[in-house]
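Peer 1: Below, each chain spelled out in residue letters.
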Amino acid sequence: MFDFTNRTLVLTGATGGIGRAVAELFHAAGANLVLADLDADALAQFSATLTTTPTTSEGGSVQTLVADAASPEDADRIVAAAARLGGIDFLVPCAGIYMAEPFAGMTDDQWRRTLSINLDGVFYLTRRSVEHLKAGSAIVNLSSMAAHRGAKTNAHYGASKGAIGAMTRALANELAPKTRANVVAPGIIDTPMTRELIATRGDDTLKHTPLGRTGTASEIATVIAFLCSPAASFVTGETLHVNGGLYMS
Amino acid sequence: MTIRFDFTGRTALVTGAASGLGLAMARALAGAGANVMLFDLDKDGGRAAAEGLNADHPGHARALAGSVTDTVAIHAACEAAVAFGGSLDVVMNNAGIAAKAPSLDLDEATWRQTIDVNLSGAFFVAQAAGRVMAAQGGGSIVNTTSMYGVVAAPERAAYSAAKAGVVALTKVLAIEWADRNIRVNAIAPGYMRTALTETLGREGRIDLDALTARVPAGRLGTPEEVASAALFLASETSAYVTGQTLVADGGWSSYSYL
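Quick mapping for you: the protein sequence lines, in order, are chains R and L. Under this note's numbering, the residues of the first sequence are numbered 1 to 249, in order. Under this note's numbering, the residues of the second sequence are numbered 1 to 258, in order.
With the rest of the complex left out, here is chain R (with noise of 0.2 Å):
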């Protein structure tokens, strides 16, 4: 459905959920991938499943980087390596952690985490990334239902998450016309990081979301390449909601 050939994909989070599906799909639509994750093993091994997964077109190169996504270090050599392939067709940002936590017992280091790897980190891969962003580029962050909506456990997560879209509004504004930048808002998606909330709290949550399911890792990601594709070339500065109708339930 996609094609990207000779377009550069630079994927945070490249082993979680969602970054897997947003990589195979990038990388069966022709693009080349620079993944980066904390995991060496886990990436190493997603890797080589890629590069033996034949493509519909003659396919991407697929480079690794072993990085933290809070640190501003690794994004200068996430952002190197990009720029090595001649610059940035589309930044999508994965990397996040959630850890639930009721909010008068959160931590200090709770706090702060979240909020490096979910929003600074965010931060310094996209300054980095500016002047290497092509003309036609296309950021997407992801943000999450929690940025919108409230729950018990969350108020780091949704704060990290509710900046994320703030912040790409912005960035809409300074970087059009070269760079489109959108938000994408999943609900509960079926992934890692959801699997002990689903667990827990999955069967109330489905009452109340329209579609009666879990999204899938994989509905996330066709959403992603959407955005990047020409078909949303008019569209900047948006949050696509995800969530199988939860969101407005």
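If you are wondering where the hints come from, they were derived from the structure by calculation, not from laboratory data. The hints are all genuine.
To give an idea of the interface, some chain L residues facing chain R are shown, with a C-beta separation under 7 Å as derived from the structure:
no.	residue
1	Ala-178
2	Pro-216
3	Gly-218
4	Phe-232
5	Tyr-240
6	Thr-242
7	Gly-243
8	Gly-251
None of the values given here were measured: they were computed from a predicted structure. Built from N, CA and C at the ideal position, the CB exists for glycine as well.
We have chain R; now place chain L onto it with these hints.
Peer 2: This is chain L only, laid out in the frame that chain R set:
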């Protein structure tokens, strides 16, 4: 770099299909393999549009004249679509009229007509199509709202109220029909460069330069790129998206003037 939607074997109804965004939607759907029933008040325009589509995609377009304020005609359009392609899988619920007047002077007839076409028309088309889709086991409806259904501008009381009504209607129908496998979403265009806006610009009724300067993207949209975003909503690519309004306005509504 391309994206290609595949609507082969699907049947679509597009209202307001004779020109502008509706025509771009119909063309994109026919190009993606759909059989397209064009519905428009403008009989000659609709017929010419269908002929144009059939020239490029033989046998993929038919036209029916009628108004979205006439429930008998709406019903006929849905039946004609099913007779054409065997099902009704996609509806681009797009027919609408523009209205701009100072609210202190807005006359009753204009208010009522704007609500009647843009909001009530959208509901009755969705209702008629929803009945067909529920009976056949599913479908996808894309309502055309406007960025002025999301953000506001002066002198659009009737238009903005109608279009915001379509945003709310989209959410209600999405929740209500989710278990019928019918997705309902909305596309909210900003200013587009169409024959209508070109004419309004020439006549001095809108200032195209000022509007262009206001858009972060630095240009007005094209009907083709708004149609492509609408096709995304109609397609399986957005299988988990329902009740949503996708704004395609070059950044207009995200801009805070700062």
